[in-house]
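K.L.:
As a plain string of letters, each chain reads:
4 protein chains.
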Amino acid sequence: MGMKAAIFGASGYAGGELVRLIDGHPSIDVTHLAANTAAGKALGEVHPHLDGGDRVLQAFDADAGAPDVAFLALPHGASAPLAAELVAGGSLVVDLGADHRFADAADYEKAYATTPPHPDQLGEWTFGLPELVDVSAASRIAVPGCYPTATTLALAPLIGAGVVSPDGVVVDALSGVTGAGRSATPATTFGAIAESVKAYGVGTHRHRPEMEHATARITGVKPSIVFTPHLVPMQRGLLSTIYATLTDGSKLDDVVGALEDAYAAAPFVKVGTESPQTRWVVGSNTCLIGAFVDEPTGTAVVVSAIDNLVKGAAGQAVQCANIASGLDETAGLSTVGWMP
Amino acid sequence: MGMKAAIFGASGYAGGELVRLIDGHPSIDVTHLAANTAAGKALGEVHPHLDGGDRVLQAFDADAGAPDVAFLALPHGASAPLAAELVAGGSLVVDLGADHRFADAADYEKAYATTPPHPDQLGEWTFGLPELVDVSAASRIAVPGCYPTATTLALAPLIGAGVVSPDGVVVDALSGVTGAGRSATPATTFGAIAESVKAYGVGTHRHRPEMEHATARITGVKPSIVFTPHLVPMQRGLLSTIYATLTDGSKLDDVVGALEDAYAAAPFVKVGTESPQTRWVVGSNTCLIGAFVDEPTGTAVVVSAIDNLVKGAAGQAVQCANIASGLDETAGLSTVGWMP
Amino acid sequence: MGMKAAIFGASGYAGGELVRLIDGHPSIDVTHLAANTAAGKALGEVHPHLDGGDRVLQAFDADAGAPDVAFLALPHGASAPLAAELVAGGSLVVDLGADHRFADAADYEKAYATTPPHPDQLGEWTFGLPELVDVSAASRIAVPGCYPTATTLALAPLIGAGVVSPDGVVVDALSGVTGAGRSATPATTFGAIAESVKAYGVGTHRHRPEMEHATARITGVKPSIVFTPHLVPMQRGLLSTIYATLTDGSKLDDVVGALEDAYAAAPFVKVGTESPQTRWVVGSNTCLIGAFVDEPTGTAVVVSAIDNLVKGAAGQAVQCANIASGLDETAGLSTVGWMP
Amino acid sequence: MGMKAAIFGASGYAGGELVRLIDGHPSIDVTHLAANTAAGKALGEVHPHLDGGDRVLQAFDADAGAPDVAFLALPHGASAPLAAELVAGGSLVVDLGADHRFADAADYEKAYATTPPHPDQLGEWTFGLPELVDVSAASRIAVPGCYPTATTLALAPLIGAGVVSPDGVVVDALSGVTGAGRSATPATTFGAIAESVKAYGVGTHRHRPEMEHATARITGVKPSIVFTPHLVPMQRGLLSTIYATLTDGSKLDDVVGALEDAYAAAPFVKVGTESPQTRWVVGSNTCLIGAFVDEPTGTAVVVSAIDNLVKGAAGQAVQCANIASGLDETAGLSTVGWMP
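Residue numbers (our numbering), protein chains in the order written: chain A, 1 to 340; chain B, 1 to 340; chain C, 1 to 340; chain D, 1 to 340.
Source of the hints: derived by calculation from the structure; they are not laboratory data. Hints should not be assumed to be uniformly reliable.
[What the hints assert, rightly or not] Simulated restraints, written as ranges between beta carbons of each label pair:
1) A:A66 x B:P186: 48 to 54 Å
2) D:K41 x B:G181: 21 to 27 Å
3) A:G181 x B:P267: 36 to 42 Å
[Said to hold, decoys possible] With the Cβ distance kept under 8 Å, some of the chain B side facing chain D (calculated, not the full set):
4) V177
5) T178
6) R182
7) A184
8) T185
9) P186
10) T188
11) T189
12) F190
13) G191
14) I193
15) E195
16) Q235
Just so you know, even glycine gets a beta-carbon here, dropped at the ideal spot from N, CA and C.
Could you put together the complete structure from these sequences and hints?
P.N.:
So, in structure tokens, the structure goes:
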């Protein structure tokens, strides 16, 4: 038997992806499947597309299954207490939620307008963007959100290499509806979503400070970003289009070069000069980055595509767990997508 | 009987919308329905959702039906010769294509990398954005493209009022698939479009110079724009998200005020501080503009939504024809949408 | 001023369509807009695609606006008491709900497993399928459901003419998601609906007895129907595919002839031998019927397409009100669809 | 190295799925990737969601790669000559096309209105529905079409067990658009497909005789089927709703029992009394069957769901190849789906 994994929050979309990925993982086995309101339901009822077998979702129990690794796919604010308990029990903890993504409380408060649950422990969490942050020795990993993942992978190397200015960055991004979670609300019905697009959280979305913070942690330079997310009528997929001013003398080659240098050894990030489509990555843990330069305005335009539930959530969490556990980074993950 | 109208290019999506709108127009009657490869086909076969009756698409004939007004919904380069003939015959000509949208040949060449068909006549065309350009005395009207319509309506008043800087403007826009026309290509199949998004024409789309040119004609100030269009999986609807740097001291009130001043008397443009959804305008000739200010970066973020086939094409053409013919601007047009 | 109309249940999908249609009606004005939980909200907030103006949804009030006609778009069981009050006040009442669609209580009970709200009054209601039932003298009209509308229009004339057997009829139908109403439930989220189809209510859907009952009322012969509805990922549109055994000697000509005879004077029903698409009728009050005969098995296969919210709900209600009020049957209604 | 596989027709949707599945197969390696008009293109260009690596599509070559097994995903009529050549070379041949699905030429001619390419060889082909036909000793396997797969799996056991009558069967089925192939035509554009449904091939679809033929081969009893396929706006997924008259005394238990008996040992077919959704099987090789009985009419209503490109094409082909090669039937195949 391999490593033992607990999944907390198994009934949501990200939780379902965690089950799917770990069920197919060669070295990790799911030993505790926990949900909140869905506790007691059969896995096959909650996720009919998975091999439910006779598994039933359990109530949260930090000790159940004696997990070597615990994945937390919980609403904001719900991770911290459970994480503390799991850490105390010796588990590697990978948090897919937002509770531990900031290194200091002030930044968290600015983003969330509330005090972080365990401010004293924020510094002990490693930011789980494994292409740009070393997570190999981490015991607590906070996986970034879907927008910050796609955006930071494309932006941070350019700022780090001095190819673009950190000021006046515009991030305009599109997400499929699973990014909004699985809850049924008037805004997530088919009638409200199909055949329509909208911007939301203009100027106020919490992923903006997270992107700025992440880039600062990685490059030492904090960018200034305007961020507008849009909801588009599709299930999965996230596309981030990033506009940044080229520094003097920088050209397309420099943009591409900075990205290629950053990801020369990365199995899941592919850099090119073609515009990626989200259908090329849906189902896989791949991030495709297409780099352009707008000559008349001296702007780098970089387009980054991921599956919001895989590289933007569950896949990245497994990738981090692999590295922190000494497994092959790619174990249980795929670079092959599903479409059409 | 009312005014007589000829529609050239009746078999495409914009052509179909022209038929729909003019069939419902109280003062204009369709007297010549012309198509190119679809000539000879029944209207009801080409557009089964319309009241085809026994109407059949005709070959192009500038004289047929002695049109008071002619609408041209043709591919790039196909309008100019026909327009010249129609003008000579005394018709009001409304061109939905790109042949006459630039006031001078040099700009046209920069956008299209070819000489305009009738360079000497470019100056005789009026730019058909009737909220911002007076078309009442025009006899030749070049209706703007869908992206320039949504974008210029939101941007030009801000530049005209000095509320935002004309430099460093970013326009990031999303369009439904009907914006790509009705032809069947590998890129427009359901398999290629559904459940995916992509950016296209990054840095090279011809609507960028058109937007810059339009704003310059309207305000006297030529902005510098980076423009990225995206294709999203829906039939209709276009959303343009515009980022522009606020000038010193400008605030949200100034942004909203400049827009409200511009459209106080406009029946089809509504200004607010809410993020519009394309489903709110699909089917109508309305443009909804939602204005925001991103305080940390001093950026105006303005979101503009239209139906690409109505306000972005056929509806705006009818609106222009109404004004230039002395009819009520709103005749035959609706502010009521269809969704869901 | 024209007739005064009250709309009860204005916040749902069918209610929104009633507002859209009556706002555009030449002889009827909306004088009372009522909703239940949405009372107090602005119409423009609830239906942003409509011309909300300064209208606000009111609490239910049978006397408000002294309506000449009242439209009820309410959940099952909610219509009866209000209808009784409105009838007493002298209004023409058009009920889009299910409370009054059965002529006798026993049939109602079989379909709904509960006693009808006002069993004594069932006989006073006219079944609002105006192509097949005379509603001109009615003061209380129960408009059929969407599946029974599309199905009965295609099936009843064939049974009435003796062209097909009333036994062993199979009705297999597809509906867009608006047919399930506007409430947000786990089953109506985009995530649950997009990219998937399902059958539901197999053998138990309440529209089966309604179809049998309707055909019996119209033809005097009660058919035996197996009915399976399916939910498909689209907003609007309903397609019913009907299989019925040809009686001895009947051929395609007889099938088409029986339908053409029934609808020779009907402005909204078109009969042909082509397979209709729902996109051809979405937005219009049209029902398209395509008739086929499967020679090897001696089966009539008839396909019927409507917009579930127009001919299947609000449009048919307006059509009934027009006839019962002595107006032109087509007033305020369109045979022109919207797609794409 | 494992078995060597050649894939002919690798550029289509089914071909892409074959590459995806065999790339992930533990015991089979792709050694020849061939396409017709797409020969010379990079695999990564044709299928950007796959791991293209440096692979390039080749021209057809029956000898290339000395295949142990050859998969043919070709248009009607194109398989036969190539298959003959491959058989001569000793390859196991698995044909996903229609050329060899009939055991005798007369049936083929009735379905296709033309003589089969190699009428003399039809008898040498095994029908590749491995749950119901023994393919373990086959060297030439003709995999059924998507509609016949879903339908025959649900229907044949009921007829075989005498639970339903073979006469008067109605099959009403829904397919995603990938079932129509990858070619760009006016009927497969997003504009023609999204937000609409239609029936097609009413009474004339070639899968009807294939279903009848398949059931006859399996049970010895030829049913009489009326079949209507519908196109619905989704990428993948196929749902077949089957109506058959219960024989005297048969009840739901008998229906379920006949199916359970048939699939007690089948790893990919699951029988229940719940209505399956296509989203539960998309991406997997699973067929879900939900059985119902309509008491009032004595009708068995059975709903069968598959992924048309997996169990309905590439997955079933791999399953057949596994069995005929002595591998584990499930090798390289999954029972885990993808949705949402």
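K.L.:
Evaluate each hint against the coordinates.
P.N.:
Hint-by-hint comparison with the structure:
1. One distance hint, 48 to 54 Å for the beta-carbon pair A66 of chain A and P186 of chain B, holds here, with the actual separation near 53 Å.
2. At roughly 25 Å, the beta-carbon separation of K41 of chain D and G181 of chain B lies within the given 21 to 27 Å, and the hint holds.
3. Range check, G181 of chain A to P267 of chain B: about 40 Å between beta-carbon atoms, so the 36 to 42 Å window is met.
4. About 5 Å separates the beta-carbon of V177 of chain B from the nearest beta-carbon of chain D, less than 8 Å, and the hint is met.
5. Nearest Cβ of chain D to the Cβ of T178 of chain B: about 6 Å, under the 8 Å cut. The hint holds.
6. Taken as an interface hint, R182 of chain B checks out: its beta carbon lies about 6 Å from the nearest beta carbon of chain D, inside 8 Å.
7. With 8 Å as the threshold, the beta carbon of A184 of chain B comes within range of chain D, its nearest partner Cβ sitting at about 5 Å, so the hint holds.
8. The interface hint given for T185 of chain B holds, since its Cβ lies 5 Å from the closest Cβ of chain D, which is under the 8 Å cut-off.
9. Given the 8 Å rule on beta carbons, the hint for P186 of chain B holds: about 5 Å separates it from the nearest Cβ of chain D.
10. With a least beta-carbon distance of about 5 Å to chain D, the hint placing T188 of chain B at the interface is held under the 8 Å criterion.
11. This hint holds: T189 of chain B has a C-beta 5 Å from the nearest C-beta of chain D, less than the 8 Å allowed.
12. Interface hint status for F190 of chain B: upheld, as the beta-carbon distance to the closest one in chain D is roughly 4 Å, under 8 Å.
13. For G191 of chain B, the shortest C-beta to C-beta distance to chain D is roughly 6 Å, which falls under 8 Å, so the interface hint holds.
14. For I193 of chain B, the suggested interface contact is upheld, since its CB lies about 4 Å from the closest CB of chain D, less than 8 Å.
15. Interface restraint check: E195 of chain B against chain D, minimum CB-CB distance 6 Å, threshold 8 Å, status holds.
16. Interface restraint check: Q235 of chain B against chain D, minimum CB-CB distance 6 Å, threshold 8 Å, status holds.
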